[in-house]
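Student: Chains as they are written, first to last, in my numbering: chain E, 2 to 235; chain P, 61 to 267.
Wrong hints could be hidden among the right ones.
No farther apart than 25 Å at their CA atoms in a straight line, the calculated lysine to aspartate or glutamate pairs in the DMTMM-like style are these [claimed, not checked]: (1) Lys162(P) / Asp96(E); (2) Lys242(P) / Asp96(E); (3) Lys242(P) / Glu90(E); (4) Lys242(P) / Asp75(P); (5) Lys170(P) / Glu133(P); (6) Lys242(P) / Asp262(P); (7) Lys259(P) / Asp75(P); (8) Lys191(P) / Glu90(E).
Think of the hints as simulated: they come from the structure by calculation, not from any bench.
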Amino acid sequence: MNPRKYGLEESVWTLLVKSNIIFQKDFHLEFRTRYAINAIILFAVISLTAVSFSVGPIQLEPPIQSAMLWVIIFFSAMSGLSHIFVREEEQQTSDTLRLVAPPTAIFLGKWGFNVVLLFSLEIIIIPLYIALLNVEVQGMSAFLLIIVLGSVGLASIGTIMAAIVAQASTRGALFAVLSFPLSIPVLRSAIQGTWTAIQGGGVAQCLADIQLLFSFTVVILTSSILLFEFIWRK
Amino acid sequence: MIRIEARDLQKQFNDRLIFSHINFTLQSGESLAITGPNGSGKTTLVRIVSGLLSPSGGAIVYHIDGRTYRPVEVYPLIGLVGPYLQLYLNLTAWENLVFFSKIRGLTVDKSRLRRLMAHFGLAGRELDLLKTFSSGMLQRMKYVVALIHQPEVLLVDEPTSNLDEEGSETVYQLLDEQQQNKILIVATNEPEEIRFGRKRVDVAGQE
Numbered sequence: 002m003n004p005r006k007y008g009l010e011e012s013v014w015t016l017l018v019k020s021n022i023i024f025q026k027d028f029h030l031e032f033r034t035r036y037a038i039n040a041i042i043l044f045a046v047i048s049l050t051a052v053s054f055s056v057g058p059i060q061l062e063p064p065i066q067s068a069m070l071w072v073i074i075f076f077s078a079m080s081g082l083s084h085i086f087v088r089e090e091e092q093q094t095s096d097t098l099r100l101v102a103p104p105t106a107i108f109l110g111k112w113g114f115n116v117v118l119l120f121s122l123e124i125i126i127i128p129l130y131i132a133l134l135n136v137e138v139q140g141m142s143a144f145l146l147i148i149v150l151g152s153v154g155l156a157s158i159g160t161i162m163a164a165i166v167a168q169a170s171t172r173g174a175l176f177a178v179l180s181f182p183l184s185i186p187v188l189r190s191a192i193q194g195t196w197t198a199i200q201g202g203g204v205a206q207c208l209a210d211i212q213l214l215f216s217f218t219v220v221i222l223t224s225s226i227l228l229f230e231f232i233w234r235k
Numbered sequence: 061m062i063r064i065e066a067r068d069l070q071k072q073f074n075d076r077l078i079f080s081h082i083n084f085t086l087q088s089g090e091s092l093a094i095t096g097p098n099g100s101g102k103t104t105l106v107r108i109v110s111g112l113l114s115p116s117g118g119a120i121v122y123h124i125d126g127r128t129y130r131p132v133e134v135y136p137l138i139g140l141v142g143p144y145l146q147l148y149l150n151l152t153a154w155e156n157l158v159f160f161s162k163i164r165g166l167t168v169d170k171s172r173l174r175r176l177m178a179h180f181g182l183a184g185r186e187l188d189l190l191k192t193f194s195s196g197m198l199q200r201m202k203y204v205v206a207l208i209h210q211p212e213v214l215l216v217d218e219p220t221s222n223l224d225e226e227g228s229e230t231v232y233q234l235l236d237e238q239q240q241n242k243i244l245i246v247a248t249n250e251p252e253e254i255r256f257g258r259k260r261v262d263v264a265g266q267e
């Protein structure tokens with residue numbers, strides 16, 4: 002018996018190829034409908050502008066600047082990351098997807114999409130943040146590394162929580178409520194690391210936060226891949 | 061050789077028993093008609109056989125060349141057409157076909173896909189968004205997508221729902237071909253469609 006004759010066994014490479022196909026499909030759909038990107042960017046720009054107007058000419062301290070950035074990123078992410086699974090449920094395409102692709106490929110494809118979505122947000126929001134809040138980032142390499150790791154961490158939490166929330170009949174604020182406790186370690190390290198980087202700290206000075214962000218993301222991502230099939234199969 | 065075995069299947073939602081004691085075996089070249097009044101659990105049984113739902117009791121097992129598999133493990137073998145399975149309405153017909161071909165691990169065979177589209181009367185609509193399709197055209201499109209990988213097991217729930225006479229004839233021809241050497245499961249109450257099942261399970265009589 003050769004299970005591969007019927008395509009019943011998937012190699013790691015095949016899973017990665019299929020996750021890329023799902024990523025491209027979601028990217029294509031998002032490019033055409035702009036459901037998530039509009040929600041996430043509008044929320045971020047409005048909240049950043051509101052903060053900048055309320056602060057006025059006052060120069061905020063680095064800890065406040067750092068916290069402000071991550072509060073905006075977190076709530077913007079909460080407004081958009083859940084779309085990736087909620088849309089499949091609402092448009093009744095989730096069963097179709099269940100019949101054509103292995104759960105791991107689906108999770109990885111959607112995780113990749115959420116990571117790219119958050120990066121796209123940050124490409125817009127970070128220059129605005131620096132300009133509107135008069136932030137002088139002195140340790141740019143550490144700052145960017147913290148942003149990347151923090152975003153991947155938030156996207157990982159957001160993706161698995163979106164999969165859970167999409168199964169619920171009352172989604173509403175459930176996504177943010179469920180995601181927040183899991184996001185605390187990411188937010189704490191990201192805020193601390195960003196604060197250090199703004200003050201001129203390099204990668205060495207932010208190492209503890211970088212290590213925590215990296216390890217936490219690996220743990221969340223690994224456990225999500227293991228758990229996803231149980232969430233995905235009703 | 062593929063054989064599907066349903067052993068004492070039972071399904072209940074909360075306290076409501078939908079059906080119980082469903083038993084059947086099907087192998088390549090055989091077909092099954094699932095019948096029963098509205099709400100009796102025809103769709104639920106189709107979803108269990110395809111792996112979209114788990115039974116509350118009993119088991120559904122696929123035997124393939126001497127090995128056994130759960131339904132969720134054999135999704136590459138299954139094609140399913142049903143009112144609850146939707147395609148991506150914000151993609152064009154062609155984009156849907158390319159996506160479903162690639163995700164099934166197939167190379168995109170443009171001429172075969174065009175032939176399938178033409179067979180179901182959708183030639184010339186490849187570049188239209190599916191959201192511009194009528195419900196009958198969407199039903200035809202679901203057949204095209206379900207047949208991309210030439211499934212060993214084809215499950216069809218309400219085969220001619222939303223289809224006109226010409227569309228129904230095309231589907232009947234397909235069902236006839238499928239039951240020749242592969243496995244066909246049809247959930248219906250239409251006498252004209254029940255004839256495609258050489259075996260029959262009446263879910264209403266199984267509580």
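Student: Each hint needs a verdict: does it hold in this structure or not?
Tutor: A quick look at each hint next to the structure:
1. Lys162(P) / Asp96(E): Distance of about 18 Å is within 25 Å: holds.
2. Lys242(P) / Asp96(E): Distance ~23 Å between Lys242(P) and Asp96(E) Cα, so the pair holds.
3. Lys242(P) / Glu90(E): violated (31 Å)
4. Lys242(P) / Asp75(P): violated (37 Å)
5. Lys170(P) / Glu133(P): violated (28 Å)
6. Lys242(P) / Asp262(P): holds (22 Å)
7. Lys259(P) / Asp75(P): violated (30 Å)
8. Lys191(P) / Glu90(E): holds (17 Å)
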